[in-house]
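Protein chains: 2
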Amino acid sequence: MIEAKKKSESEHKHIVGILVEDQPGVLTKLSGLFARRGFNIDTIIVGKTAIPLVSHIVISLYGGDRTLEQLEKQLNKLVDVVKIIDLNPERSVVREHCLVKVASSAKMREDLVNISKLHKANALDLGKDSMVIEIVGKPEKIDNFLSLMKKYGIKEVSRTGINAMQRASNGK
Amino acid sequence: MIEAKKKSESEHKHIVGILVEDQPGVLTKLSGLFARRGFNIDTIIVGKTAIPLVSHIVISLYGGDRTLEQLEKQLNKLVDVVKIIDLNPERSVVREHCLVKVASSAKMREDLVNISKLHKANALDLGKDSMVIEIVGKPEKIDNFLSLMKKYGIKEVSRTGINAMQRASNGK
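Read top to bottom, the protein sequences are chains A and B.
The first sequence begins at 1 in the UniProt record's numbering and counts up one residue at a time.
The second sequence begins at 1 in the UniProt record's numbering and counts up one residue at a time.
If a hint is listed, it holds; no wrong ones were tucked in.
Repeated chains share a single entry, so a pair holds when one copy, or any two copies, can fit it.
No farther apart than 30 Å at their CA atoms in a straight line, the calculated lysine-lysine pairs in the DSSO-like style are these:
#, residue 1, residue 2
1, Lys-141, Lys-120
2, Lys-83, Lys-138
3, Lys-83, Lys-150
4, Lys-150, Lys-128
5, Lys-150, Lys-13
6, Lys-83, Lys-128
7, Lys-13, Lys-128
8, Lys-151, Lys-83
9, Lys-141, Lys-128
10, Lys-155, Lys-138
11, Lys-138, Lys-150
12, Lys-150, Lys-120
13, Lys-83, Lys-155
Treat the hints as calculated values from the structure; they're not laboratory data.
Build out the structure end to end from the sequences listed, making use of the hints.
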């Protein structure tokens, strides 16, 4: 989402991990950089790490391989950036967390709970005419689950965007 | 993390949901607003919704109640903002997703898999000397799990930050 898109023939999805120091304005600097360079950010998460005052950012974006090289060069110039990690989907665990509020009459509730179980989703909260379901997995799995939920009536969706990490089985 | 902090006596954690149109520069505008106003962003996620060209942002931040009012007024002035939702933790489901890479010799592996099961965490990927574990839950649950993992040796952590939604049982 959010930033202007540069079209090119070989565009595909990239995932980048960035370790940053918790300094005022880091997020503004980063998103300003993306906007100026025309990078098309799809999702972004910013969370804590095990190291005090260091945060971990995961960005997924569309672009060619040159786009990614440019991005890395630009990021390396930002003093607050500690480390950049290429989270190539073929060598990384790629996951997403999603909360969805679905319309559910008392009659439909059992149906929905069963479908959720089948997809290893979790009914977190039940209301009179809706329920909140949590699902975790590959982004495509979440897309599929949300498609299934459409016929019941989706009231709200909140997806984290991509969280990713280099696989342990690659020796990283 | 990331933005300058204004200390006040009654500071506590707020969670805000923001629906925005997918226009170039929205994230830059938002984070610029936070930086200028001195809001202290703790975590942020930006994900897709069920509505094309509309993204959902969840921000957790520390501040007094007046801070939140100010924030909402400022956000309402941004044309790309469609809707602002107060995700008060007492009336919302509050969750987080975490990937952690833990050092694990062959000897330790069974131990780690068992501890993970006990905490409903999930060993996603096994390597020669480390494994990637996924855990989902309230942020405090993730804090606790990471404390337990410390003695094995944490190599990497990637947390999404807070994902939240108003409870269905509130009739929302």
